[in-house]
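Fit chain B to the known structure of chain A by using the hints.
One line per chain: the protein sequences are A and B, in this order.
Per my numbering, the first sequence starts with residue 1, numbered consecutively.
Per my numbering, the second sequence starts with residue 825, numbered consecutively.
Don't read these hints as lab results, they were simulated from the structure.
Even for Gly, the Cβ is constructed at its ideal location relative to N, Cα and C.
Calculated cross-link-like contacts (lysine-lysine; reagent style DSSO-like; alpha-carbon spacing at most 30 Å):
1) B:K878 x B:K826
2) B:K1012 x A:K821
3) B:K826 x B:K892
4) A:K821 x A:K155
5) A:K155 x A:K809
6) B:K1012 x A:K809
If the Cβ cut is set under 8 Å, some of the chain B residues that face chain A in the computed set are:
7) A1014
8) A1015
9) R1055
10) R1058
11) A1115
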Amino acid sequence: MWHVLERGPRQPLATIVCVHGNPTWSYFWRSFLARLGDRYRVVAVDQLGMGFSDRVPRRRYAERVSDLDDVIAALGIDGPVVLAAHDWGGAISLGWAAAHPDRVSGLVLCNTGIAVPAGRRAPRLIRLAAAGPITDFVCRRTRIFVDGTLALSSKRVSRVAREAYRAPYRHPHDRRAIAEFVRDVPFSDANPSAAAIAAVAEEVRSLRAPVLLAWGSRDPVFNDDFAHDLAERIPHADHHRFAGMGHLVVEETDVAGLVDAWLAERVVCSQPSAVAVSSPVRSGLHRGGPIWAGLEARSGDPSPAFIDGVTGQVTSFDELHRRVNGIASGLTALDLQRGDRVAVLVPPSRDLLATVYGCWRAGAVTVIADRGLGLRSLGAAVRAAHVQWVVGHPSALAAARVLRWAPGARMIAVGSRTVLGAVMTLDQLTASGAPLPPAPTGDDPAAVLYTSGATGPAKGVRYLHEQMTAQRDVLADVYGITAHDRLVAAFAPFALYGPALGITSTIPDVDVAAPGTLTAEALGAAVASVDATIVFAAPAALANVNRTATGVDPRFAKVRLVLSAGAPVPVATLRAAAALFPTAELRTPYGMTECLPVADIDLIAIEAATAQVCVGPPVPGAGVCVGPPVAGASLLIAPLGFPAQHPVGALAVGETGEVLVCAPWVSHGYDQLWRTEHDARPRDAGGIVWHRTGDVGHLDREGRLWIEGRGVHVIDAGRGPITPVPVEVAVERLVGIDRAAAVGVGPPGCQQLVIVVEAADGSDGLADDELTARVRAAVAHPVAAVATVAALPVDIRHNTKIDRTAVAKWASALLAGERAKRAW
Amino acid sequence: MKVLVTGASSLLGRRTAEALLARGDDIVCFQRHPAGLETAEVLGDIRDVALVAKAAAGCDAIIHAAAKVGVVGGWSEYRSINVDGTAAVIEAARRNDVRSVVHVSTPSVAHSGHAIVGAGAEPPVTGRTGAWYAESKAFGERLALAAASGELAVVVIRPHLVWGPGDTQLVGRIVERARAGRLALVGKGAALIDTTYIDGAASALVAAVDAARPGARCVGRAYVIANGEPRPIRELVLGICSAAGLDTTPHQVPRRIALLAGSGCERLWRLRRATTEPPLTRFLAEQLGTAHWFDPRPARDDLGWAPTVTIDEGLERLAEWFRSGVPA
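Next comes chain A alone, as it looks inside the complex (with noise of 0.2 Å):
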């Protein structure tokens, strides 16, 4: 007899057939009943001697198979069914489905696997629990197995579920079953199973069905790659990697959700979706040539393309050329292939631009991440982007080995040093003498990028090659870059275009994960070196160069143009700026990781827009004059938390909304991130795909764009959202304030504004009677309370974007009596 849990609606969208993995049971699931089963009939079935269902003799895993044919007969489904299932229950599934292929109209599959993947051996923990005796120990007469598996989750499960998943199995009679699945685990071909499950591994090879990969990263059982095993098997398949969690991910976090997206989008669409396109928008396309065509078109040429700020080291043309084609022949002599994933731990050098060209030009995706993560996160980011080869000094490499970033890949080490564990040295791949491998096209993928996010571990984005070279080709029309141009990149990130665009570059000699410290000396020998056209700073350290100028500069009278951006750039820091370099345009790009730039504006329009909105009362719905859309990227305005499902719609000019972006140069997606991607890339109504910044704000009349602030950070009021840009500017118009933030407290729907400046006594708490009266007089909106911290918390790198998500859960705190502690 079988034990089953349903729910469903009279006629459902699909049928969800459910089957859990060893050992738990059908209450795995009931996050998918609760979520799905008001549309979707969802059945979790407990399989035969596990759960509640009866105890029988020994099963096999083919017996699982058939088993799970006999009790979806029973239940009277005989159409198309989708499979969810975890653990065991995935090989049992794709038994099935490989047997039913027909019938199979989705497949979600959790931290599972078919085969142990390609140069790894079976999970230690299943080895350990299967060798020879311990088994009936670990598994039946104790409940050692059932509960490690418990402690499997990255978050303690609850007591109450702990007890659910302990229920059917009190006593070792109950546990036989588990036991049995254990020793079914074909660890030698001598296993009876073993046959069976390989011949499923290759059969899934030929399934259509859609197919997702819903995965906790964190599992010492399955973990990322038995899923890349799986996506290798079933190139189709979708992937949402949740980063941090666990071998019991349905239990741990939102799957439900997850499934309920991907089933609307892959299963029960009512209009066929057009496959999906990041970025609709193709035209003029490689009108440039390849992203290393710069580079190429000044082979041969002496002149310097590269100078080191640190050593002093010159590189010209001619020879980055070389080191790039070098690397290119030598990566591919070494077998690279095409799409396979480099990590590029190298610091912004010769050899960091030497290298992303040489594997850029071999086809090779480049994985880089930002500095500012940090250790931890930046392996994290190496890590999830599984990486077949790491370019990288030998400590960089040595910390990649040691903290297993990427287990398996091969590495190249940076100089002319040959480290343990290395396969060559990048001066060996240099000379290999190897022939050039044919050219990437456009529609091939060139990098993921990771940068610290706002909220939760960093996402990967994705670039392919025709994106990155839309991007060169609008910076050099938006900036009229011509070869006759020279780059100080005082944000290291940004050297990386020099190549691209064909001119000469050098990188100040200053910390790359403390831009904040470059000073106006460093940046001045810098421009010296190349006699600098173009000066790129992140808003902190063009603060601190303003901060550290001793007078006019003569080495900057001859830059042209200074660009600040990544992040609000305070018109203070612009207005310093030009009296530093009297020649120069100040413009600050507005974009992101995933597309940028998208808008831009000059300090003069800055200050022309912000004079209309001084003029008389303070309004609304102002903010932050970000510019006009440059030229080739669309802007569309839409409503405030618009429903993903429906195609997205523009607000008229003037009202606030979410502001979204096309261009040929949005980024192509998120990595092992399905959900993300999906949530962020919503269609409008003609099915152009659009990227949503997660900026919130409005057109004007003159078709410029104003920020008001992330989307997550909209307060919203009983009386309708505010937006906390327009309150913050509105605020720090006021003497004696510098910075504020504009917070929300209370339940979505009614919260209170709070304002939070930072107090010149460095004091934590609520604000006296008469800044409290000056600060309600500044701001249009009722605010319930104004308060003060010593300092609020800003973004290390750029030093001027709010954490407000951190600032309102303080104020909650202090406003709700709390002990109010402040977490930065």
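For chain B alone, coordinates are given in the frame of chain A:
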């Protein structure tokens, strides 16, 4: 419309009766002592079913504002007036085919000691020891809500911290303590507290009478009424003092100590069988030290009510009232 208002000698009952009279409704008042209103009046005990039923004769609606408030007295007294009294009102409504009953309750019926941050009208909780007022009102509210039916539209209104000119509860106590130099805040006084200016509380009861028709969405539900302008309690207390012309700096008592002192006072006063109010109770310390503000949308959406006088305007009116030389 003819409306019976119980407890019309209280500030809120009186102002509600005045508001109804002003718009031309027929009013009957029921309380122990003359309310001094130009209207029909029945004097008596709210527990006297026959008398309340007599007063409700011919009425379309009852606003039940009569209650035993404060902290002095035992459970039986509170229970008798606030629970049995409510039962008498419901019974009187039934006997007279009254269409609707607006039961005046208090947000403290759902008070659990935790901060209330933008919450709705949570179900009443019982089982307190001490805090008999809240306990008895919780029972009374349950009883009233249970009486809601297709024939009798019962709505519960929980005005939160009503104040204004003439208020002896909130304003009176704060001013009295400030004058005595005994004004203290729990913690830093940063907890956000919403309050209700008296005119708004009265207009909410009128709005509830109008909205409470059999079958209406609000029937059988409780609504918290407040200005929707939570302010740090310190600002509020000092604002009231300032309106009274007092320039005070309140003492700050750490929350933990305030809670201990509250419990201590309660016990001591109970032991002494005192008939005066203890300076602090645990319940009061909790109320003063934690946030209390509510989601204004249910009252706005279901009763069509919104406050007419803001906190700042209210404080201005209060100051005028003090300046006009009212007996302190």
